[in-house]
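A.B. asks: Residue numbers (this note's numbering), protein chains in the order written: chain P, 1 to 290; chain R, 1 to 324; chain U, 1 to 256.
Hints are supplied without guarantee of correctness; some may be wrong.
[What the hints assert, rightly or not] Short, incomplete list of chain R residues facing chain U, as computed with Cβ under 7 angstroms:
no., residue
1, 182
2, 186
3, 189
4, 193
5, 209
6, 210
7, 211
8, 238
Just so you know, the hints here were simulated from the structure itself, not pulled from any lab data.
Cβ coordinates follow ideal geometry from the N, Cα and C atoms, glycine included.
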Amino acid sequence: MLELVAQSIVSGIAIGCVYGLIGIGFCVIYNASGIVNFAQGAFVMLGGMVTYVGLTRYGLPLPLAALMSIVIVAALGVVIERIVIRPLWNRNSTAFVMILATLAAQIVIERLTLLAIGDQPRTLPMFTDVPPLRIAGLAFSYQFFWIVGCSALVIAGLAWFFAATKTGKAMRACAINADAAALQGIPVSRMLALSFALSAALGALAGVLVTPTQYTAFNVGVPFAISGFIAAIVGGFGRPLGALVGGVLLGVGQSLAVVFLGAAFKNVAALSILLLFLFVRPTGVLGAAK
Amino acid sequence: MTSLATIWAEARRNPVMPAVWTLAAGLVAYVFVTGGYLIAVLHFAAIYVVFVTGLNIFMGYAGQVSFGHNAFAAISGYTSAVLTANHGWEPLPAAGLGLLGALTCALIVGYPTLRLRGHYLAMATLAIGLIVYEVAVQWQAVTQGYMGISGIPPLGIGRFTVTSDRAILVLLMAFALIGVLAAAGIRRSRLGRAFVAIAGSEDAARALGIDVARYKLIAFLISAFYAAVAGSLFVHAVGFVSPEVYGLHMVVLAFTMLYVGGIGTIAGAALGALVVALLPETVRRFSEYQDLAYGALLILILIYAPGGLASLSRLWSARRKEGA
Amino acid sequence: MTLLRLDAVTRRFGGLVAVDNVSLDIAAQGVTAIIGPNGAGKTTLFNCISGFTAPSAGRVEFAGADITGLAAEEIARRGLVRTFQLVQLFEHLSVLENVKVGRHLHTKGGLGSALLPHRAHTIEASVETFARDLLRKVGLDAQADTLAGVLPYGQKRLLEIARALAAEPKLLMLDEPAAGLNRGETTRLADLIRQIVALGVTVLLIEHDMSFVMNIADRLAVLDFGRLIAAGTPAEVQKNPDVIAAYLGTMEAAHA
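Looking at chain P on its own, in the form it has when it is part of the complex (with noise of 0.2 angstroms):
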């Protein structure tokens, strides 16, 4: 019992950093505007769909093809900026409306997917295909090593980014005050599209981490964005690490939820968790962010 609640923790680990990616990608467009785009799901779930197509109808390698996954969503992430959430936001529409428009965004992606590719859950190969390694009794495949690896590399780069690039740091300005920013010359609005280029390449790399593990299909994009927000929200909807973190334990307890109480409590474990954290600590396990 005990190896099979370490070996969940394990797996609860590995997909709470999938989620944590996801909810960096929340953490960027909400710091950079205030808008909770529920579209970030689909990023997600195309990250594994293009890679696949790369791979099986072009013959792409493996890394080529996931490279120019994550480079196409990126675009369409400041695609779906431009033609939904500009027009809106030059608007000033309130945020439950632009919250509904990235909702109906995230139905119509996923119903072109389904158009174009039809309803069959697809996956990916492993990115190392060798059997998994042993570490005090319990298994940790590689591709554990890969999305940790990854994982940790991100919040790296974007620590670095926010902390020293221009660039990044004309994000933070834009995110404390858009007027103050624009006033010192800041392009606000490239600062958006910036936001949500940034936002989709990070879910199509959780996507194409994560597919390998489980199987991408039209419809799981819903399931991974309020996985992706409830990790946002866990961590306190600022820093990229607070993401991680609240990634992490909804990975976990997740996992822990289906060993104890059995895998159709999946969702709703996920769910409760959700509620419990806007009922009781909205500003999640670090804090709201500065």
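Starting from the known structure of chain P, arrange chains R and U on it as the hints suggest.
C.D. replies: Relative to the frame of chain P, chains R and U by itself:
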């Protein structure tokens, strides 16, 4: 003012409205007389009129947000379905229990949820809707999961049942009409004023003695009641239920209707439901293009006409009258 | 008779003391004005009294009952109604409907009377009459059906006060009612306040406009850095050296 007078007053102020109401009435009459497939479409529309009118009370009048009212429709609908199809209950007591269940859930969930604002409130209500959906899918022993429950008997009392398409249409339209009249009555009353005051300024409302938390909960419960009624009506009118009926599709559809009609107006909710239900050719078969179209339509409306049909007619009036 | 008693009322925000040990008695009848430089804690004091924030220490007594820390809507129910520094109207409702909301406390009826037109009819008729009468008294009856949001600022102020009056308060608290008004509007406001007092309503207001305050107030209380530094008649307060120091001659300038 009576409810009818309220609707009439609202209609008089927007020159286009009387024409639209007449058109709608004419359409219903035409479909009733000619029969055929469109009757089923109007069944669907009438049920959504009830759902959306209730949602409008919570979101349009009181200015709150809910992505999860489909939960209450599901609770009541599934209770009706399970009790009548699997346990041989009479429709009315089963629906009664369903309503009670939905209202109890709304009461329990309402207290903590309504203290939230903005996107926190939106996500909490979404989570509630999704939890109920998950339960519908996973609790297979009761709900039969994705397969759904079929063979649900039609509405009726004892041996007198409503089975013909036309009879069902009359019944559903009656419910829709009562729902709309009740919403109009609420808007014109002290209760409705408290709701719109909360939407206008919570602080000012409190300074005038309005218990904002309590009235938000009342608005929530009333709209949950409407949703529950719609939920039970659906299962009896269609004879079949599955989790997809009350899923995200319902949420997007309801919002599309709300925004097409014009959020906040009495007429808007009802007309939005009629218009959106009649737009596509098929309704019962969940066509692949349908959700795509609704999603795209919703985006377009949110960007270019967020006030909906009701606001388009306001462009005619020079001075907007008593806000509805 | 003391209508409102403040007993060592204090409000801290972390390290900042916004209201510092304020004790004051406000008599029923007449106009009391709370004045002081910007940031002196006047609005925070208002919030403590009216229930929009709870005092960190001290006691607030209204009409003989302890109202410290009660919810704002409960305090309003007892007859204390306030307006806001930034006008809080129901912008999407008409002028008439704004005032009708003010009748909430003095009418009854919930879902039942909403659905049964017969019961609603009598309530609604009385609310309508009262509201229209009130609008006539303040001079807004011509705009009864106009949307509150499109009114010019001076009339928005007027509407907010009329709406507060509809609640038939014992104590009306006005937060900077003259802010943003021109000379003519300020004169009309002063007249309105005198009318309100004549009806038996006690008025407590915060204000910056010195000539307005000197004109209308029976008693003054001066706040500086959250502390009460003087209280008394306008003549007495004007001569108070602490007050002069806090204001650096503003009061003399107003009388010039």
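A.B. asks: Which of the numbered hints are not met once you compare them with the structure shown?
C.D. replies: Number 8 only.
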